[in-house]
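Enquirer: Build out the structure end to end from the sequences listed, making use of the hints.
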Amino acid sequence: MTAIPHETTKARRTAGIPFLLKTAFINALIALVLFSLMIGIRTEAGSDGQLTYWTRFGDLASIVAAVFGGSIVIELLRQWIGPTGAEKLVPPSVQSGMSFIGRYVAPALLIFTLLVPVIFYDQRYILDLAILVLTYVMLGWGLNVVVGLAGLLDLGYVAFYAVGAYSYALLATNFGWSFWVCLPLAGILAAFWGMLLGFPVLRLRGDYLAIVTLAFGEIIRLVIINWQSLTGGPNGVSGIPRPTFFGIPLDNSDDGLAAKLGIEYSPTHRIVFLFYLILALALLTNWVTIRLRRLPIGRAWEALREDEVACRALGINTTTTKLTAFATGAMFGGFAGAFFATRQGFISPESFTFQESALVLAIVVLGGMGSQLGVALAALAMIGGFELFRSLETYRMLVFGMAMVLIMIWRPRGLIGHRAPTVYLTKANAISSDLVKEGHG
Amino acid sequence: MSGEPILSVDRLTMRFGGIVAVQDLSFAAERKKITALIGPNGAGKTTVFNCITGFYKPSGGSIRLAHDDGKVIALERLNDFRIAKQAKVARTFQNIRLFPGMTALENLMVAQHNALMRASGLTFLGLIGVPSYRTAEKRAIELATEWLKRVNLLDRADDAAGNFAYGDQRRLEIARAMCTEPALLCLDEPAAGLNARESAGLSELLLSIRNELGTSILLIEHDMSVVMEISDHIVVMDHGLKIAQGTPREVRDDPKVIAAYLGTDEEEAAAVMESGS
Amino acid sequence: MDYFAQQLINGLVLGSIYGLIAIGYTMVYGIVGMINFAHGDIFMIGGFIALITFLILISLGLTAIPVILLVVLLVSMAITALYGWTIERIAYRPLRHSFRLAPMLSAIGMSFVLTNYSQVAQGARVKPIPPFIIGGYTLHESADGFVIQLSNIQIMVVLTTIALLGIFTWLVSRTRLGRDMRACEQDQTMAALLGVDVDRTISMTFVIGAALAAVAGLMYLLYYGLVDFFMGFVAGIKAFTAAVLGGIGSLPGAMLGGLAIGLIETFWSAYFSVEYKDVAAFSILIVVLIFMPTGLLGRPEVEKV
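These protein sequence lines map, in sequence, to chains B, Y and C. First residue of the first sequence? That's 1 in this note's numbering, and the numbers climb one at a time after it. First residue of the second sequence? That's 1001 in this note's numbering, and the numbers climb one at a time after it. First residue of the third sequence? That's 2001 in this note's numbering, and the numbers climb one at a time after it.
Errors might be hidden in some of the hints.
For lysine to aspartate or glutamate, the following EDC-like pairs were computed, each having C-alpha atoms within a straight-line distance of at most 16 angstroms [to be verified]: (1) B/Lys427 to Y/Asp1159; (2) Y/Lys1149 to Y/Asp1068; (3) Y/Lys1032 to Y/Asp1069; (4) B/Lys427 to Y/Asp1155; (5) Y/Lys1085 to Y/Glu1181; (6) Y/Lys1088 to Y/Asp1069; (7) Y/Lys1032 to Y/Glu1004; (8) Y/Lys1032 to Y/Glu1212; (9) B/Lys427 to Y/Asp1158.
If you are wondering where the hints come from, they were derived from the structure by calculation, not from laboratory data.
Expert: Here's what the structure looks like:
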């Protein structure tokens, strides 16, 4: 899309108090109409099925007042800070400083992550949260291959997560196969499904691909719900075996790891083990992705994102290139799914909704497409933030959704927008996000 | 004419719905020579290019490419990417298509994709870092460096291609096409948008590609100073038909060519005659 | 045969509702090139507003059903249209010239906001209403006692859809606004240079799309007799599927796609299994796109080299 030079100077033209009040008044009026029925009236179905309603004009009034006050504050802030878009004019010295920090953030973060179970050994909640964050880091890194590197929009990533989870759950509960056998199988099966979906649809472009992947995600979920004899339907699969330390169970039994090591058993052992397990899986994903980027296949993915026609003119088989990106991303999703299943011990279709796909995609885009560190930070921010608002209960998705909108407006290119070259002669110059394309497929 | 031509186009026809863009076009491009395809706007030159490089499937006719080892390939039967991969035909685009978010060096590395894929054992060997892949990659970087040197962009190897000036982008695109080590290089208006000095540099570059590397070149060009200076053979098209062919001198004096240009655009006709004399 | 005819009627009614929502998707896609993920929730909001307006009117003692329906239609169209306008203003306009994925994620966020908003504002439970429009016609009664029913609601849904489509086609093809919309679709920069108010045109696109979704919401409420806060997601995805199936960007395509999805769903439920009706709809979408990559009526994408 081309930029149209019609700057909205209207907002700054008149900065006086009457203007301020007028804007706030109009906004409040709009809010009044918007919320009049939805907030002002509350409906509820009674026990006899009869619908009743009561009024909540107090709530309505306070929301309208909040909008009035809020628009004054926002307008004042806008005039005070200056035109939006000023953030783009970051001086080069600051930018190089940021890349300097960037060089040390990743190792520091890694060291801190390694120490998390030591520091927070007694805080089960934090350990659980850390495991959750790492799961999303891994999913984000997996999807990053598809969306960030190859520029293919995948709205059904959760399907591969589900395939991985159910593969492990069903193989383990039906055949008693161990986690370590099932883990690669889960990845392979997910990759296989990725290829199966990818093969016919990858010649679709842009949003057609997006809707097909979304449809595929829904198909997988609906099949899981309805194929009750295999998957247990909405009730899910329970009693999924916990992972073992390469064959040694992490429980209170005589064969357990604690007994063998001669230390006192604690349920935390398993949590710590799970933590390092997902950390290892995530780091594997990261390592493979970084390696792949420097190999011809990874460069071809990025070239595909930049210009598909040029790729074909250079003799690159775009179909197989896309397919490998899809399968690689799916495989990582499958690994993460198998981990999810063993961690939870119970899975049901509810865990694999479109919301999950949207969340992982949001992590990738917020991270700055293609940036590994950005994705990790975004996962931390999103999942951590999501947890912070746990106390809000029912308002959680409201806040989460608003945060998504605001973040996109604030940084459409994500936290770390620039791209690092995969090969260089003298110096690896970061490439500005303005030049990097985001693909059409 | 000496020897067998590298490219023979025989009765090529391309129709879009009811419109005939190219009709019964036959011509040949000689090995290790520069062949130019000229004609007024809308004559069907780019369509011919797209047929040769596989972006369009011709409605009729045949396109044969003969490699040095005597192997003859029917281009009209190959899919797009296979023409570059197997038939070794590389091309550039009228409206430059670099990978703007990748560095100049990376652009040239992508061009060597197929060779590097083989060396990396379809990625698996490369992933574990076998030494043979490392040597292959080193060689690829050397080839890229050599081409950056040739097109005078070595000092900008690590800059994003999207930041390059127009003329530099044109040269980089040619370098990228050459990194596929093609048998036939097809250039779609390589001099478009270049100033006189840059055009002269381009002519020099193309001549050196022909003379030093022996790569055959087929080009579409409007800039007659370039065409007349470097072409060994010129094919003139108008309204999808071939109206003349021959050496630059023969074409320049051909009344049909002058008429074709005069009939469409006086400026261009003047340019043809002026730059030729 | 009778069974088939009955399912055909049911499918066409459902398809009309999908089609009305799909038009909103396709219009927005055509003009700003983004998938408006919040559109399904706009439809849901429309249903809720219709429900609340009904309740108020009835408690005010109104009994004339045509009057009630008209008022409900106008109120829900107006307020829902304002929702569409506001959302475009807040969540999409700042991102108009941004990267492709940014507005899409913003839209997904907005969809979460709207779903959760109506859950918080109106509670999570399903809201039923008593049937307003009752009665209908028995078209045919076969010897074995099977009847083909055509209810008044079904007639109303189809007639309203046809009427709206007529108005809408007129709007797009004959009015100044329609011309501006088509101009923006082709080239926003050029349209702006020629004096088209692009911002306003895009706003109006969202307003019209939301108003049509509100009508769909009302129809859904009348036809199924209930609304709930989560109905926007499924209906939205179906309608979007319909828009893509028909060829996104094409208005007749959206309606055709809507009907196709409605019929597929109904027939699949009738002859095969209810559980897999959505799987069938999505699978057919995938199959159609494999053979017709730009949908049924979409313009084939010409690759410029």
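Enquirer: Hint by hint, where does the structure go against what was stated? Just the numbers, ascending.
Expert: 2
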